[in-house]
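Note that the protein sequences, when read in sequence, are chains A and B. Note that this note's numbering numbers the first sequence so that position 229 is 229, with each residue one more than the last. Count along the second sequence from 1, then add 287; that gives the number in this note's numbering.
A few of these clues could be false.
Which residues of chain A face chain B? A few of them, derived with a C-beta cut under 8 angstroms, are [stated by the list, open to error]: (1) Phe16; (2) Ala65; (3) Ala69; (4) Ala96; (5) Ala99; (6) Leu263.
Every beta carbon over 12 angstroms from chain A, so not counted as near; a handful from chain B, in silico [claimed, not checked]: (7) Ala318; (8) Val319; (9) Leu346; (10) Val348; (11) Ile368; (12) Phe418; (13) Ile518.
Derived by calculation from the structure, the hints in this document are not laboratory data. Small disclaimer: the values here were computed from a predicted structure and weren't measured. Built from N, CA and C at the ideal position, the CB exists for glycine as well.
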Amino acid sequence: MEWFNDFWSTYSTLVFTVGVHALLALSIWLTLSCGLLSLANAAFMGVGAYVAALLTVNLEWSFPAVLLAGAVTPALVALLIGAPVLRLSGVYLAMATLAFGEVVRITILNLEITGGPEGLNGIPLITEGWHIVLILAVTIYSLARLRRSKIGRAFEAIKEDEIAARLMGINVDRYKLLAFTLGAFIAGLAGALNAHFTFFISPREYGFENAVDILTMAVLGGTTTLIGPMLGGTILTLLPELLRSLHDFRSLVNGAVLILVVLFLPKGIWEPRRIRAFFGRNKGDQA
Amino acid sequence: MLEQQLLNALTLGSVYALFALGFTLVFGVLAVINLAHGAVFMVGSYAALAMVSHLNAPLWVAMLGAMLGSGIVGLLVDVLILKPLRARNAPHLAPMIATIGVGIMLTSSAQGLFGAEVLRFPEDILPAGEFLVGDVHVRALEIAIVAIAFLLMAVLFVTLKRTQLGRALRAIAESPKAAYLLGINVEGLFHVTSFVTAALGGIAGVLIGLNFNAITPQMGQPMLHKGIAVIILGGMGDIRGALIGGLFLGFAEVISKAYLSSQMGDAVAFGLLFLILLVRPSGLFGRKLERKA
């Protein structure tokens with residue numbers, strides 16, 4: 001087990017980050033599954049992280065309560081802005097959520113209680129591996145159930161054709177709001193977990209770039225399954241570590257991956273039908 | 288004091304307008320939100336800087352070079368990335384996400400090639416004159432920036448309104464399919480538009496780089512956000528809206544920085560943008576949007 005201890009002391013933060021990124025990728029998967037391109041998930045993550053960290057540091061709430069507050073607060077914010085914002089569609093929704101994200105970031109930057117541009121320092125390291133594993137497992141289970149439920153099918157109907165869904169009697173506005181709010185809930189949870197193992201948070205971690213990173217994870221992995229986004233999140237977390245030798249050119253690869261996936265794998269890396277077809281054909285050749 | 292601020296606002300606003308014009312034209316003609324436009328802006332200022340400091344080129348040559356260089360980047364993006372996506376009839380988010388990738392690649396290349404630190408134009412190549420109009424200190428540089436920005440915008444306006452090329456572009460903006468049936472070389476004009484808009488973005492980068500005399504790999508990002516604010520303010524794809532929106536943002540930003548706080552200046556732009564989207568998603572001058580099923 002010694003090798004494991006060595007490995008863990010060096011890489012535990014990285015493994016934790018993989019888990020948090022998987023959660024974030026799932027949060028945007030949820031909004032995408034209802035046909036909404038929201039770039040606000042990084043901001044929701046930030047709201048969750050700051051609320052949770054402030055509750056731990058200033059009021060010394062217990063960790064489960066902190067996590068819950070970190071998830072519920074952004075969900076409430078989503079509920080509030082959702083009603084007007086979700087009237088927009090397509091690129092307009094993307095732009096509006098992007099603008100909302102910037103407003104959140106600049107607000108955090110200017111508030112006294114958040115520590116402004118210096119960020120919050122000295123957040124206790126409470127998050128443990130099993131917390132992340134448990135929350136991730138519960139999230140995956142819930143989303144898998146949700147997909148097969150009436151709600152999940154309504155999301156899919158709205159994504160495929162909003163007007164047809166409306167004509168079939170689906171309350172489109174309410175389902176969109178639900179997807180948006182649940183996405184914010186998961187993103188906030190990820191933020192709250194993240195804040196309690198990084199020791200330090202700053203507004204810089206919740207800007208446009210991070211919103212794009214989250215989107216990239218889902219696009220890279222593919223959004224037809226739940227595995228896709230998590231795979232994408234894992235790859236994009238590990239890739240920069242593997243490419244340390246490239247120094248300043250490191251993120252060049254991220255950009256290239258994004259372009260290549262859009263060009264050549266429009267449904268992402270993890271696409272069951274294509275993978276099955278690939279292996280199926282191989283078997284056929286051997287026979 | 289107020290007059291001085293207004294001059295600053297006019298300088299900034301005219302460059303914002305120039306930047307946003309390219310941005311909005313791409314959206315109008317190609318129907319793509321080009322999120323690499325900020326990075327192309329940054330490429331323009333580095334290209335000019337490289338020509339001035341390594342080739343000892345005079346400033347006006349460097350400006351032309353920057354336009355050419357960033358224009359070629361825009362053209363390559365269209366030929367290598369957007370064209371295959373068009374051919375495949377990809378959903379409208381695909382090109383947007385691809386341009387995010389282009390932006391990341393350009394920014395990280397600039398950082399790798401030139402370093403992350405702030406670079407500056409050598410002082411002696413900047414137009415140095417400064418004179419007093421009433422109480423206002425007017426730098427020759429500011430006059431030049433405003434003049435160049437408005438000259439380029441005027442050329443663009445006349446081209447779009449009065450020439451055969453402009454009419455063809457406006458036809459494509461209405462409907463690429465109908466334009467194709469009318470015998471317009473749609474693909475060719477997509478390439479032209481990509482080149483011209485990127486060139487405009489690049490020269491805007493040179494002008495901002497000169498105005499603040501500070502160039503960093505990250506300078507494109509805030510500019511991209513401002514560009515988004517401007518084209519939403521003016522209505523997406525609306526040329527006149529981009530001009531007025533750009534000037535308006537310049538004034539709103541400078542005034543709120545002067546009379547509120549320096550950080551809140553940025554929040555004002557986005558708060559405004561957020562509000563506009565909620566109240567009038569088609570922009571201040573936009574037509575009512577048709578719902579396309």
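Hint-by-hint comparison with the structure:
1. Violation of the interface hint for Phe16 (chain A) is found here, the shortest Cβ-Cβ separation to chain B being roughly 25 angstroms, above the 8 angstroms cut-off.
2. Given hint, Ala65 (chain A) at the interface with chain B, is violated; its Cβ is 31 angstroms from that chain's nearest Cβ, farther than 8 angstroms.
3. For Ala69 (chain A), the interface hint is violated, since its Cβ never comes within 8 angstroms of a Cβ in chain B; the closest pair sits about 25 angstroms apart.
4. Look at Ala96 (chain A): its Cβ gets to within about 4 angstroms of chain B, closer than 8 angstroms, so that hint holds up.
5. At about 4 angstroms, the closest approach between the beta carbon of Ala99 (chain A) and any beta carbon in chain B falls short of 8 angstroms, and the interface hint on this residue holds.
6. Interface restraint check: Leu263 (chain A) against chain B, minimum CB-CB distance 6 angstroms, threshold 8 angstroms, status holds.
7. Look at Ala318 (chain B): its CB is around 9 angstroms from the nearest CB on chain A, not clear of 12 angstroms, so calling it non-interface is violated.
8. Consistency note on Val319 (chain B): stated as away from chain A, yet its beta-carbon is not over 12 angstroms from all of that chain's, at 9 angstroms minimum.
9. Every CB of chain A is more than 12 angstroms from the CB of Leu346 (chain B) (nearest about 28 angstroms), matching its label as outside the interface.
10. The claim that Val348 (chain B) is not at the interface with chain A holds, since no C-beta of that chain comes within 12 angstroms of its own (minimum 29 angstroms).
11. A Cβ of chain A approaches the Cβ of Ile368 (chain B) within 12 angstroms, the least distance being about 6 angstroms, so the stated non-interface status is violated.
12. Distance check on Phe418 (chain B): its Cβ is at least 37 angstroms (rounded) from any Cβ of chain A, clearing the 12 angstroms threshold; non-interface status holds.
13. The claim that Ile518 (chain B) is not at the interface with chain A is violated, since a C-beta of that chain comes within 12 angstroms of its own (minimum 9 angstroms).
Violation of the numbered hints given earlier is confined to hints 1, 2, 3, 7, 8, 11, 13; the remaining hints are satisfied by the structure.
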